[in-house]
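> Okay, here's what each chain looks like letter by letter:
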Amino acid sequence: MTNLIQEGSKVILYLGYNNLHVIKAKANEVYQTKFGALKHNDLIGKEFGSKIICTKGYVHALSVIPELWTLALPHRTQILYMADISLILLELDIKPGSIVIEAGTGSGSLSHSIIRSLRPNGHLYTFEFHELRSNLARNEFEEHGLSQFVTVQHRDVLSNGFEHENIADAVFLDLPAPWNAIEHVMKVLKKTGGRLCTFSPCIEQVQRTCQRLHMNNFEEINTVECLRRIHEFRYQHRSKIRFTADQNQEEIIDRKSNKREPDDDDGDEEEETTTNKKLKNDSEATTKRQPQETESTLTAIGPLVMPGHTGYLTFAYIKQE
Amino acid sequence: MTNLIQEGSKVILYLGYNNLHVIKAKANEVYQTKFGALKHNDLIGKEFGSKIICTKGYVHALSVIPELWTLALPHRTQILYMADISLILLELDIKPGSIVIEAGTGSGSLSHSIIRSLRPNGHLYTFEFHELRSNLARNEFEEHGLSQFVTVQHRDVLSNGFEHENIADAVFLDLPAPWNAIEHVMKVLKKTGGRLCTFSPCIEQVQRTCQRLHMNNFEEINTVECLRRIHEFRYQHRSKIRFTADQNQEEIIDRKSNKREPDDDDGDEEEETTTNKKLKNDSEATTKRQPQETESTLTAIGPLVMPGHTGYLTFAYIKQE
Amino acid sequence: MSTFKDGDHAVLTCHDRTKIVQIRKGRPIFIDKNKIFLDHLIDQRDGSYFELKDKYLCNIGTNQAKKLIQTEDISSDNAGQDNRDLCDDGSVNQTLQHEEIEQLKSEGVSGQLIISQLVSKSATFEKKTAFSQQKYLNKKKKKYILIYRAWKPSIRLLCQAYTHDLQKILYLRRDTLAMLLSLSNINHGSNVAIVESCQGLILASVIQRCAGGNGFIFNLTPAGEKNSTSPCCDFMDFSNEYTTNVYTIPIENVGDLNTIERANQAKPIEKPTNEKTLQALERRQRRLDGLQLFEKTKLNSLIIASKYDSLSILQHLIDYLALSSHFVIYSQTVQNLLECYQFLKKRGGNIHVEIADSWLREYQILDERTHPFIRMSGASGYLLSGMIVQS
Amino acid sequence: MSTFKDGDHAVLTCHDRTKIVQIRKGRPIFIDKNKIFLDHLIDQRDGSYFELKDKYLCNIGTNQAKKLIQTEDISSDNAGQDNRDLCDDGSVNQTLQHEEIEQLKSEGVSGQLIISQLVSKSATFEKKTAFSQQKYLNKKKKKYILIYRAWKPSIRLLCQAYTHDLQKILYLRRDTLAMLLSLSNINHGSNVAIVESCQGLILASVIQRCAGGNGFIFNLTPAGEKNSTSPCCDFMDFSNEYTTNVYTIPIENVGDLNTIERANQAKPIEKPTNEKTLQALERRQRRLDGLQLFEKTKLNSLIIASKYDSLSILQHLIDYLALSSHFVIYSQTVQNLLECYQFLKKRGGNIHVEIADSWLREYQILDERTHPFIRMSGASGYLLSGMIVQS
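Protein chains in written order, with the numbering used here: chain A, 2 to 322; chain B, 2 to 322; chain C, 242 to 632; chain D, 242 to 632.
Same shape as in the complex, but just chain A (with noise of 0.2 Å):
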């Protein structure tokens, strides 16, 4: 795997946080960016991960890696993000060599990942029953030089099952009714045993999936829900009140607050004489007593927004003899 950007390389532009572009390199084409023109030809050649100079800014220039392409690429279909993709992997034991079948392909965001993990030796069978989503999806696997793991295959099979048999080690499906699908997942996975994960936005979906899978004597069936929460970093400023007692009423204090430690009066000025143990209990007190009185914290925080519900992801395993 070469690290330069070639013609023809697919490239995700990072334009800032959440902010990608996909374009793919081609000689003399100039791309229309926020910060102004990129020419292709001041990306060919570079590194991925190099910074490249807009006529108004810059942008980075990344390579086509499952994480970001699942938030550059063009959606075609509700897809699955990084949480319940890591999940499935883990829970499907996906690893190099293992045989994985997956319906529908959708846009194709959890696919990237299952090859990342079967490669270099194992295989991804694909099924699409929307032609034209089909096709694009074998025409990005193939720009992004993966068409070696993957058969991508247009196919209706809640219809038509996988055409293969005791092949695979995990089966995914997302689709509408997975419980129509199971007696073809059994067909094709492997009869010495294999696991399956559905993906279903509904409980009732959930229900009915679980269900059958009893009804077919899977086990280890088990039903989970990942939420992943990314912070929002921001810089908290905090004031303390000037409490008029505290600044000239010393006997008061003394008085009325026998129980306080001796670190912990606070609207003093003598921060010059801080000793190393007092800044230990209380290291904010020190940054705290700058002019103005305000202490500006970064702190991660949970979002006011995030994904409240992607999907139930059921796990379930057979063994056929």
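Treat the hints as calculated values from the structure; they're not laboratory data.
Result set (DSS-like, lysine-lysine): computed pairs, CA atoms no more than 25 Å apart in a straight line:
| # | chain 1 | residue 1 | chain 2 | residue 2 |
| --- | --- | --- | --- | --- |
| 1 | D | K376 | D | K346 |
| 2 | B | K52 | C | K539 |
| 3 | C | K382 | B | K320 |
Model, not experiment: these values are computed from the prediction.
Model the placement of chains B, C and D on the given structure of chain A, informed by the hints.
Okay, now just chains B, C and D, sitting in the frame of chain A:
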């Protein structure tokens, strides 16, 4: 409300975090705790909140307030906890003067909070189909001096309804089949508008309830779940790796990491010359420079095990004129 | 009690928007820059429906209103069917121009009519799937059918009204507020001190729970601070009985007996020349009375939800707390509360100290389509709570 | 490939317990202080069932095993029915003594038989409701029917095995590990540096994902540290091909070119007297080779999940990262990661820096009884992740 423990007062003994016992003060009696014998006579006349010396330690004597009662009460059924209770009070608009219906009474955990909110001029009608539970709850309210705010009835509301008509501002149902009580709810709620909350552990119950609410023209139907995550306090002890390069090879560091901030080298001994500015940017550094190079920080960490589900709360409003 | 009077506040809801307004005869409010008169709300009941007609909100029947706002059932969004049809993006090729629509609106044409015009002038509506048609109609209804509902204010509705303005109330989520109220054990008769920067939302909640009991409610605010106003208390239209024992006092002077003494002695400047000066003097006296009362009062509850440093406030106020009293501190970050926790542990005399956050998850409960909302709040903030006991 | 060989590791599961063992002919393992021989696991397939018979785990058929462990369906736990019957606490008045049961067990009496004896000698079993009887039987089955299942180790199963020993792996939850692996973009051919105190769980995950590619895997551990062993790598029974490019090197010496140089020059003490010294010398040489290699390698991924201060590790290692490489730092608290974030922002040359935690919620999906598990983990920890770019 007197703040002194009297003969006959219900007292919550606080032995430690989540270790609460309930007793009734009775002259000359003795209560055994893990801190040894506690003489009731030592309680009587003391202010609530006092430290009571036992033979092998001490406990704190607290009054029956709803949050402590919820933790200390004798469980006759599954009970509601603080997070759900608080949300119920807010979403049902329970306030002084409210007329509230509750079924079933259960262990009276919610009832105590409702009464606190509707005092001094509201009233709680609470119904329980299990006679023993109903009587026990009535006795408790009596002992806690709350009788004037609550009417406890032994009654199967699913079959017999709430007896009253057009009186309630709010109804709370914790019944296995709340949907079967909807018609009764409509009868007891004020025609000018009233609110309902049902509590159900399973989603199928919620689905049936919502269906029935829609059918009966309830509005503003919404279902929520609220989980409280009490954190654990832990001192985190962090040591620094002693990089040999930092300690005796300054020139190597300088060559290798020319991008590093001057503040960031940390294996040296110059803590006495620390400037204020440095402290602000890197106030942790000072405490790290103890002989053992270990820093202890108080942290609050999400618990390894927490309540993952109590029940779904479904709220609704209906105006019948 | 459940009808609106001139001068009352009301909470108006329309689709998922919530706005707090004051009803005053002949005085308009503004919604999206449109002047709207609320005169016809007077004498109407809590929960009534209103339609915007010629700048006035006019009462309409419940049944009529419900029919107008009823959304189309997007029934084909069923599990087991595949609706992820790429080519149908829900847009409709529209020949009715934005200006024309605005014209119709200003002429007072009903939302119903505008929508039917939109449909008839759409080039593609008829070609859409039923699913898409319904989705389109629901979207347009949300935009053009403006049926308002007027409610008597409640703490629940105030929380709802601030949902899109959370920064004004320190991001205090409704479940967090609800727990704060429980944990502080506010009840009829409590003596309570509140230090908040949440528009008076906490203060209003406390006033309501105390319901004019014998206890005192102290609202401790930084003097001359703009944010120290408490609009939420106005919104709730509390009776005098409820607010008699509420004292707003300058937090800086708490514990400063000399200053209070001096200020009190300096008071008899005997010349209440005009109404304004008189009122100012009265307010000053009220503050001084409050400060003196505060020094003599043992608190049953202390609530801190302030943009100022909580630790120093706690340190300054903790000795005012009675045995068996409750304290609750709200913060967006756990770090601030850990400082308070360390102080409390060093000081002693407190038990049951907890730091907690919470998850609030809302659900879509629909036939074959039940799942949690796809968007939720990830920011409950944290509450530190505990009780004061003999140490 | 999916059968067990002498010397292989296996993951044994029994009810909700999971244990990692090594299969060695004639050498017993211990479960609950009982000696158990695993000889009969050899040549059996992944996922086979075993029954404990006379100190040996003996293979039994899938159908038989399933019949034995099948739990009774507690069908009356339905919504719409009330089972909260106070008087029935699920206990059964038992005349069979604990010692007698232990006797039966040591005699090799089957769990089935013990349970039927328990039932027949119970004074009250017959009087119980069907619901209670089923509940009782399920409880006893869990205790006495010890059917084990043997699995080839996988990262998933290792996570499962550590579920009740999370303190050993810095409380790294499986979803957090899963995301850490994605965010570090580990793949075949990556050069990776790992600083972990998680029993080698992360290292093992990385070795598996790299699958013996041309890249190097550096396991940076404090010298002479007990916790620097990586049992998880042993558990995974990796082939030599997978581990050839894995170097465990003393983290303290990273960047210290002089020391490495000196150590390298001091090496030719030409007397490998005995086997042990020879091995020690080889290990020393391996460490030195690793250190030298590390100084020359541009890393594609850096993973830190250490009990040591993460910030100073990050500061020391960040310049080894290639353009377009990934770093991920795990910590139980957000505070540690904020320090790293501040350093990164100051330093520059990195993008897409995120701090996140996660929720993992498991569900009971049963007819009329669907709800999330009533217990869950509230401790996902936090991940800081980002990419190195040209600054």
